[in-house]
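2 protein chains.
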Amino acid sequence: MNLNGYGRGSRIARGLETADLVLKNAQIVNVFTGEIIKGDIAIADGKIAGIGSYTGAEERDLQGKFVCPGFIDSHLHLESTLVTPAELVTVASRHGTTTFIVDPHESANVSGLAGIDYILDQTSDVDANVFVMMPSCVPATSIDDNGCTLTAEDMAPYLENERILGLGEVMDYSSVVNAEESMHRKLALFENKVRDGHAPFLSDSDLQAYVMAGITTDHECSTFEYAMMERRNGMTVHIREGSAARNVEAIIRGLVENHMNGEGFCFCTDDKHIEDIEREGHIDHNVRKSIALGMDPVAAIQMATIRSAVCYGLKGIGAVAPGYQADLVVLDDLERVQVEDVYYKGRLIDKTSEIVVKACAEELKNTVHVGEFSRESLKLTSPDGVFRVLEMEEGQITTKKAAVKLADGVCEFRSDSQYQKIAVVERHKASGMVGVGIVKGFGIRGGAIASSVSHDSHNLIVIGDNDEDMELAVRELIRTQGGYTIVADHKVFDTLELPVMGLMSDAGYQYGNEKLKGMIEKAYSMGVSGGYDPFITLSFMALPVIPEVRVTPRGIYDVLTGEFYRN
Amino acid sequence: MNLNGYGRGSRIARGLETADLVLKNAQIVNVFTGEIIKGDIAIADGKIAGIGSYTGAEERDLQGKFVCPGFIDSHLHLESTLVTPAELVTVASRHGTTTFIVDPHESANVSGLAGIDYILDQTSDVDANVFVMMPSCVPATSIDDNGCTLTAEDMAPYLENERILGLGEVMDYSSVVNAEESMHRKLALFENKVRDGHAPFLSDSDLQAYVMAGITTDHECSTFEYAMMERRNGMTVHIREGSAARNVEAIIRGLVENHMNGEGFCFCTDDKHIEDIEREGHIDHNVRKSIALGMDPVAAIQMATIRSAVCYGLKGIGAVAPGYQADLVVLDDLERVQVEDVYYKGRLIDKTSEIVVKACAEELKNTVHVGEFSRESLKLTSPDGVFRVLEMEEGQITTKKAAVKLADGVCEFRSDSQYQKIAVVERHKASGMVGVGIVKGFGIRGGAIASSVSHDSHNLIVIGDNDEDMELAVRELIRTQGGYTIVADHKVFDTLELPVMGLMSDAGYQYGNEKLKGMIEKAYSMGVSGGYDPFITLSFMALPVIPEVRVTPRGIYDVLTGEFYRN
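First to last, the protein sequences are chains A and B. Residue numbers for the first sequence follow the numbering used here, beginning at 1 and rising by one. Residue numbers for the second sequence follow the numbering used here, beginning at 1 and rising by one.
Hints in this document: simulated from the structure, not taken from any laboratory. Hints are supplied without guarantee of correctness; some may be wrong.
Below, a list of computed lysine to any residue pairs in the SDA-like style, where the Cα atoms sit at most 20 Å apart [as the list claims (entries may be wrong)]: (1) A:Lys-315 / B:Asp-341; (2) B:Lys-193 / A:Asn-161; (3) A:Lys-193 / B:Gly-313; (4) A:Lys-345 / A:Leu-314; (5) B:Lys-315 / A:Asp-533; (6) A:Lys-193 / B:Thr-561; (7) B:Lys-351 / B:Asn-366; (8) A:Lys-38 / B:Asp-204; (9) A:Lys-517 / A:Glu-280; (10) B:Lys-315 / A:Leu-314; (11) A:Lys-400 / A:Asp-533; (12) A:Lys-345 / A:Gly-56; (13) A:Lys-401 / A:Glu-280; (14) B:Lys-38 / B:Asn-25; (15) B:Lys-38 / A:Lys-193; (16) A:Lys-315 / B:Asn-25; (17) A:Lys-400 / A:Tyr-419.
Since we're looking at a predicted model, the values are computed, not measured.
Please put together the full structure from these sequences, using the hints given.
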């Protein structure tokens with residue numbers, strides 16, 4: 001705050017000058033003491049100048065409604081929801097989330113620093129505070145064929161950017177505890193900032209070794225018992241409630257049963273699709289669900305606000321108090337927690353205005369670079385006729401390793417087979433690498449389904465029951481420079497174009513939602529089992545850290561043994 | 001931590017290597033969860049490597065004793081206890097305080113940056129973590145005649161020192177809320193660090209304006225109601241229990257009655273004399289007293305450890321957890337909280353070793369520079385025979401403004417008078433300035449008592465019932481370059497030399513304690529009222545921020561009107 005700004009705020013606080021805006025007759029949730037304070041909120045220059053009895057150039061009578069700080073999403077990936085960053089932020093902000101701590105590691109895997117710059121740039125003028133954690137694991141593993149490698153040296157210039165809060169979720173647990181230099185150079189770079197964890201179900205002693213490296217948060221915790229193990233080590237637990245992973249119930253139930261007040265816990269969404277946000281809310285949903293589970297409403301609001309601000313060292317955010325940014329949520333009551341109004345920097349957010357999609361640099365819309373590729377690339381043979389199989393399971397992203405013996409040693413399926421082919425086509429460096437395998441359980445017949453969203457490397461991934469349609473699906477995604485596509489009966493049925501790094505649509509989220517609905521219906525009609533979200537499940541089949549077996553551009557990968565196979 | 005160090009710690013945590021030291025069978029106070037965890041504590045390279053079941057090169061069986069983190073004193077002045085910094089720290093560390101956050105503003109008022117360097121240097125190799133807050137108000141007011149002025153520019157080079165945590169207690173409330181530039185330059189300099197407050201009994205709106213400047217702590221709070229007002233603004237309340245100011249009872253009682261867990265509160269001593277530390281303890285005393293008042297023992301320990309660490313952003317201090325410095329206190333139980341053993345960086349502190357006084361630079365032992373001074377300087381006349389009077393009150397450092405009419409307009413007392421003279425002699429810049437006034441209530445007869453400790457400017461202050469003895473007392477302190485002295489019947493009775501900046505003895509604290517005892521007895525025998533600690537009360541009579549009237553080198557000062565008088 002500059003001195004003139006402070007001087008004015010001080011005079012307003014002391015009743016010597018009139019505020020810009022006064023919210024009269026509020027019931028203010030004080031997140032420091034847990035009290036509900038009746039009074040006016042004086043706002044000047046986007047900040048809170050005082051709580052008490054004030055007059056303003058503009059005054060609004062809240063008639064006893066509750067006011068709490070704007071909510072904070074302490075960990076999310078903007079780009080994994082297919083829409084451009086500003087769209088997601090804007091929609092979520094209408095539900096009361098005014099601060100977002102994002103890890104752009106999808107973008108970074110495709111476009112490196114340019115991808116991170118894209119996220120920073122696209123969110124630089126939204127009506128919300130958007131902070132960024134530098135992705136720590138790009139590529140995710142040493143066997144990934146992604147677009148870029150981010151080293152500590154690459155990240156160093158970002159240290160001075162005040163929107164960069166630290167190092168993003170450190171997924172590569174093994175390189176941490178084994179003291180690998182490249183990982184520890186990144187950890188050291190962010191020594192005075194926050195280093196986020198990603199530590200699902202480590203053993204007690206492994207977790208201690210992991211924490212010793214300075215990692216202080218985790219959002220992968222899905223049980224109360226594990227949450228307590230993390231808390232004992234001083235970690236802050238981000239309780240996640242996204243589109244897929246939903247951990248509020250398990251963890252909040254534990255807090256309630258043990259009469260805990262939520263200190264050391266806060267909320268995040270990790271990955272939450274825009275249609276889910278519109279349907280049930282964003283961080284406000286975490287708050288509501290927690291209260292429904294028996295959590296004290298003020299304690300739930302503290303987890304959604306100040307506890308996250310403290311965790312990330314955010315000054316002037318997360319409380320309704322003098323000097324704090326006037327990011328406010330007006331609630332009708334503290335049981336249903338219906339968000340009536342949202343203020344960002346003292347301005348009421350218009351919930352009905354059209355959301356504009358910001359243009360992005362052309363090079364970020366031309367990231368699908370496939371080398372030599374033909375129907376031949378999809379051929380799969382085995383001298384002894386035995387093929388490895390990725391056996392998928394409904395409702396899971398894990399797979400089982402299986403095998404099948406096929407006549408002639410050539411993998412060609414009839415449309416009624418329980419097996420299909422899966423292939424991953426390297427698309428960053430035009431290397432021509434293609435990995436092909438057999439998959440069981442997905443169930444598509446008479447066509448192919450393909451995606452350029454394929455964690456974490458985001459190569460092209462395709463499943464189909466015939467090579468012609470699989471080839472066509474890949475060619476369609478090359479044509480659109482990324483997207484989701486379905487090919488049926490040798491023709492493209494439909495394509496949701498995701499031209500921004502092959503991850504996001506810039507056609508507006510309503511367009512994408514509509515299109516996706518029809519495509520998912522079509523996938524089910526082609527035999528995809530109802531236990532899968534077809535595109536999301538597909539997007540995990542190349543991720544080489546999820547057991548037991550995956551397909552990568554280098555071939556079939558046995559996660560448990562670390563071996564590659566060509567069939 | 002370097003990579004090799006981390007690698008070793010990680011292997012020890014995971015049971016792959018042997019620790020340096022293992023404290024077996026401990027009951028560990030987990031300050032994150034509030035649990036008591038049974039287990040071993042593995043220590044390597046001064047840090048905690050793991051909690052669980054471990055083996056070590058050395059093992060000590062704690063037989064179920066309790067282990068909590070080393071205590072933190074979140075605000076204290078080392079030099080106001082007359083002993084050298086390392087002595088105080090060493091004595092206090094034997095009572096379990098392993099971290100000290102000190103504000104060297106006494107030294108700074110005498111010797112400026114050299115005084116701060118002295119504190120940093122003297123405590124650089126003690127068995128404790130000593131952090132420093134840069135004194136914000138040197139001089140304390142614009143009318144002080146102290147030794148140095150500290151500007152933001154002077155402080156800037158200290159920003160990079162990792163032992164400097166921020167800006168020390170901002171006493172000059174008025175310059176803050178009135179947006180005075182010199183004060184706000186200091187506040188801005190420490191924008192990303194902690195800015196300590198000093199805010200006794202501001203109005204609600206004044207406090208809000210004060211907090212808006214980024215000030216986040218206060219240790220001057222003496223009631224629960226005011227503490228809550230501070231908490232509502234997000235301040236951390238340092239609950240003080242020193243030699244004079246004792247606030248634990250009032251504030252802890254409020255916490256207990258309101259079922260609060262101590263979040264946002266921590267402990268400090270501010271000013272605590274070494275003999276009081278030896279008698280009743282240091283921060284451990286705050287903990288014990290809180291428990292006796294009904295506070296949950298673990299909550300009290302949290303206030304003495306992690307809550308202060310969080311407040312000051314201290315990483316790796318304040319918890320018994322992997323990666324944390326092995327600063328540990330072993331307690332017999334959690335009710336009496338008797339400190340059995342103290343570990344600093346994994347080494348047991350020897351409670352019986354001799355405490356060595358470190359030498360200091362000669363220039364810091366020659367700081368009493370008095371200009372022209374004679375018995376004439378102490379003359380006090382009034383044309384109309386009316387003199388202003390500082391009326392002292394037992395048990396208070398405040399005074400009342402009064403007046404007396406004396407015959408002949410010349411102030412000469414008989415030894416049975418209820419009035420004496422008080423004078424302050426400027427001693428930093430040899431300006432020859434001497435302020436003289438009349439004091440009532442102190443009661444000394446047949447001599448004079450003088451001190452070079454005189455907040456915050458630390459000029460020479462003297463009270464006596466005749467000019468000859470007053471002059472002699474001043475000359476004695478010039479000779480010793482600072483100290484406490486008593487003159488009786490025209491002879492120096494005794495002097496406690498305080499040659500280090502005129503504030504501290506370097507003769508060892510036992511020497512000082514012994515001497516002081518005899519001198520205080522003598523003062524009482526000379527008529528000083530039992531309601532005063534003679535030297536401490538004297539040391540506040542020149543402090544121009546305490547109402548109603550003071551004596552300064554510029555004359556008698558009316559704190560309420562801001563006017564000076566020569567009689």
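Results for each hint:
no., hint, verdict
1, A:Lys-315 / B:Asp-341, "violated (38 Å)"
2, B:Lys-193 / A:Asn-161, "holds (17 Å)"
3, A:Lys-193 / B:Gly-313, "holds (11 Å)"
4, A:Lys-345 / A:Leu-314, "holds (15 Å)"
5, B:Lys-315 / A:Asp-533, "violated (43 Å)"
6, A:Lys-193 / B:Thr-561, "violated (48 Å)"
7, B:Lys-351 / B:Asn-366, "violated (33 Å)"
8, A:Lys-38 / B:Asp-204, "holds (14 Å)"
9, A:Lys-517 / A:Glu-280, "holds (18 Å)"
10, B:Lys-315 / A:Leu-314, "holds (16 Å)"
11, A:Lys-400 / A:Asp-533, "holds (19 Å)"
12, A:Lys-345 / A:Gly-56, "holds (16 Å)"
13, A:Lys-401 / A:Glu-280, "violated (37 Å)"
14, B:Lys-38 / B:Asn-25, "holds (7 Å)"
15, B:Lys-38 / A:Lys-193, "violated (32 Å)"
16, A:Lys-315 / B:Asn-25, "violated (41 Å)"
17, A:Lys-400 / A:Tyr-419, "holds (14 Å)"
The structure shown violates the earlier hints numbered 1, 5, 6, 7, 13, 15, 16.
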